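Residue numbers (our numbering), protein chains in the order written: chain A, 1 to 104; chain B, 1001 to 1104.
No lab work stands behind these hints: they were computed from the structure. Among these hints, one or two may not hold up.
Claimed, not checked - If you only want the chain B side, here are some residues facing chain A, beta carbon under 8 angstroms, derived: (1) L1012; (2) D1014; (3) G1073; (4) S1077; (5) D1084; (6) V1086; (7) G1087; (8) A1088.
Said to hold, decoys possible - Chain A regions said to be covered by chain B (calculated; three or more residues, Cβ under 8 angstroms): (9) 11-25; (10) 65-76; (11) 84-90.
Since this is a predicted model, take the numbers as computed values, not measurements. Glycine included, each C-beta is placed from N, C-alpha and C at the ideal position.
Protein chains: 2
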Amino acid sequence: MTDTLVDVCAALGDSTRWSILTALGEGDASASSLATRLPVSRQAIAKHLAVLERVGLVEPVRVGRELRYRVLGSELSATARRLDAVGAAWERRLAAIKEIAEDM
Amino acid sequence: MTDTLVDVCAALGDSTRWSILTALGEGDASASSLATRLPVSRQAIAKHLAVLERVGLVEPVRVGRELRYRVLGSELSATARRLDAVGAAWERRLAAIKEIAEDM
DNA sequence: GCGATATGCAACCGTGTGATTGCAGTCGAG
DNA sequence: CTCGACTGCAATCACACGGTTGCATATCGC
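Construct all of the structure, not just a fragment, from the sequences and the given hints.
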């Protein structure tokens, strides 16, 4: 059910991946160019990009021999909405409990 | 700043923890009572609850000798809003790029 | 008080994963 | 055509983490 939701959250639960995402937030970039700015190897970044691509947070774009990546804010916003829906449901339950308590 | 954000996402990036959260969504429960419904040991659940409590997704409630946990939808919605803000920023950048491209 | 139930703590284990290095292949620029 | 740069794949390593078992401790009910 919430199968991909946990995957997206797991992908977002890594600080190195957030470094990559925020770097991509300022402009598309390839794994190699990211490796010059970030304190990790190119291959590590490539693996992270593969993870981010599999959950749809990032999209590959060929530019000549380079393979740049573009961050997809729409996917992030979509997961945000899904999380908010769940949180809202839980809050409704709490509010109902509280109302019952006040009736006594 | 986004320090706790990654922690919350990491906490949400585990299917067992989602099982616990959804179970708690139907009513407060202790680690022991959860262990009867879920296919994991009580101690494993206790560890997960500790993780969830540290990021504020869950709150302990003493009931006699029991220690029940209550799910906090407000925290989840708060993180959802933070994620949406980031996603919206990324989308704005893409929209700006697209506009520039169309001007040429 | 006594037994049953609930929690807490500690040690341990297997595996998943973040990260590295090395090498081979590919493709654009000069 | 050749050189340099970018990508892809494989092997390896260390550590964190999910999970378990065992035992000690507290506390409610009878």
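Taking the numbered hints from earlier one at a time, note which ones the structure violates and give those numbers from smallest to largest. none
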